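Chemist: Read off the chains here:
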Amino acid sequence: MSILLLLEAFIAAFMGGVIYSIIGIIPGTDETATMAPITLVLVILGVDPVVLYAWMIGIMKAMQTTHTIPTAMAALPGSTMAIPMVPYCALGKRLGIPHITMRKMAAGSLIGGIIAVPASVVLAYILAPFGNFIQPYIGLIFTVGAVFIAWMSNAKWGAVIALIPYSFLIQGFQRLAIEAVGKTLFISIFMGITVGPMISELFNVLVPKLRDSQQRDKPNQIWLAPDSKEKLPLFPNPFKLLTKRQKKVAAGSSVIGAAAFTLSPVATTVLIGELIAGRTKELYEKITTTVSVQDVMATATYFGGLIIPLLAFGLPLSPVALGPAAPLFNAPPRFTVEPLHNLHNYLQPWHYIVFGYIGVFAGSLLAYPMCIKKARPWTEKMFRTISHEAMIGAFLGLIFMLSYYEAGVMGIIVSLCIGLFGGILHNFFEIHTGVQFMGYYASGWIVTQILTLVGM
Amino acid sequence: MVKNNEQKPIKYTEVWGDTVNLKELVYSCMIGVILTMGLFLLGQKIFHGMENLEPSLADGYALLVGVVGCIGSGVICAKLFKPKRQVEERSEFEDIEETLKAAGMTIEEEAEALSKAHPSIIKELEDLDLYALLALIPEDSPNYKPEYRKIMEGNNK
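Chains A and B, in that order, give the protein sequences.
Each position in the first sequence, counted from 1, maps to that position plus 3 in our numbering.
Each position in the second sequence, counted from 1, maps to that position plus 2 in our numbering.
The set of hints was computed from the structure by calculation and includes no laboratory data.
All of these numbers come straight from a predicted model, not from anything done at the bench.
One or more hints might be untrue.
Computed cross-link-like contacts, EDC-like style, restricted to lysine to aspartate or glutamate with a CA-CA straight-line distance of at most 16 Å [claimed, not checked]:
1. K284(A) / E110(B)
2. K234(A) / E126(B)
3. K243(A) / D129(B)
4. K284(A) / E111(B)
5. K221(A) / E16(B)
6. K221(A) / E90(B)
7. K118(B) / D142(B)
Using the sequences and the hints given, assemble the complete structure.
Modeler: This is the structure we're talking about:
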């Protein structure tokens, strides 16, 4: 362990923080879609495991902070995780306090991060003894997890049943890939699932009936509230921005959020947020307390979902580990789940705390003051200068490149096919991408069991 | 209204949460894919040509070059194609009763809750000049201050 490595981790987390602070402002960006590809590039480049970990924490922290900007300012979710905050942010806007809701959320996220890092490490220790027990049953556990996540989705039994054809689809592509390029695929399938919802919407445009339903007469309208007049220091103490009760609720939720690592982060954020909102009667207090707790939850479930599975098992057993942080668990040939060879094997327990805090701090370095000071003008500038077309185009380029990198043209074909089918499942049947990621991991076991069962 | 052009009105299509012009979207996708892939393949060619570089590392560097192309395509498309969204500044101030209604609450419930609110919340409301809420506090509450209603009335005049 050298000072150089600490410095490297800090720079990585800070640079990541800068990039993902900007991505967080862009409304509707998906954490998995934006975090996984770039992280994958860093993994392939051979960046040191502890630096990768600090980077991951840093970009999560940054995005969980700046996604509050469009959410509070325009009631447009800055990321998938910000969706539960939209109704309360819309109320805050009506009350004329979008800058306050934003501040409360930024403070909540920072407190959530500070508490969730050590809380996750402690929880991982409690759960770690089960690691050896789990190992022989990975396939079964992934399947149980897939069924559980599927049943938790809006599609309910539809999603559970859909796991079967979906598994055959995935395994079918794997067989094709073995014949074409001599190995099974991960990146291409993963990227396909990630961009599926967008591919499917682009595909809709080719179908006259669906195209008509997506057509609009006028451009999307976005309202921004005027800036506040109040003066605050550049990096105000987050604990000072919350009331006593809000602080207590925030601290408690951080631990709950980390502990709920296997559940969908959006679902737990909704759950705890509504629980707190229901117990808070006064309108202003209800809005500010709920949004702060929601961003605490968003941050804490993300940290718990990264740290606990990584430290305790090394297996992607949480939606976060299956989604945005997937390349830290599985990025063949460098990191693999079977045999277990990933960050789990490299990181010491104290690394999780020290590099975790480096990540939290470096990731907040730009995002936090930005939310406090610069949110309003920067948001407006971004809205006015960067077109949606430019973002979609660049994004598609990235997907093509990563799939090609894994398996040449075959990778691109697999990625687009999985994207189209997965996207339709996501957009039309509400079998969301989380179910599909889990389905990918469960597919091998499901297909083997079914074929054995029918005697093939 | 003056007809300033005879063309059909521009149609917008909603894709992935925002409105786009389809033709420009097609161009953007082409630019994005060609530029990213082009630079990646170029990078692969250059780095694989270096003999003292490991193949996996060479691919990694090529990916970085590709990412540069990807960002570059974003910049180019942002310059070529303007955003199809309207950004407007407006502070949406509505009747407090309407806002409460949107939150599923009544004036009475809010007044009751305000009368029991913690002083720290009352202080924050004062800092934000939220007299529309403060004026609702009933007289028998420890949070009540006569000036709230006076200021509120003064604002309304």
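Chemist: Quick check: which numbered hints come out false for this structure?
Modeler: Structure breaks no hint.
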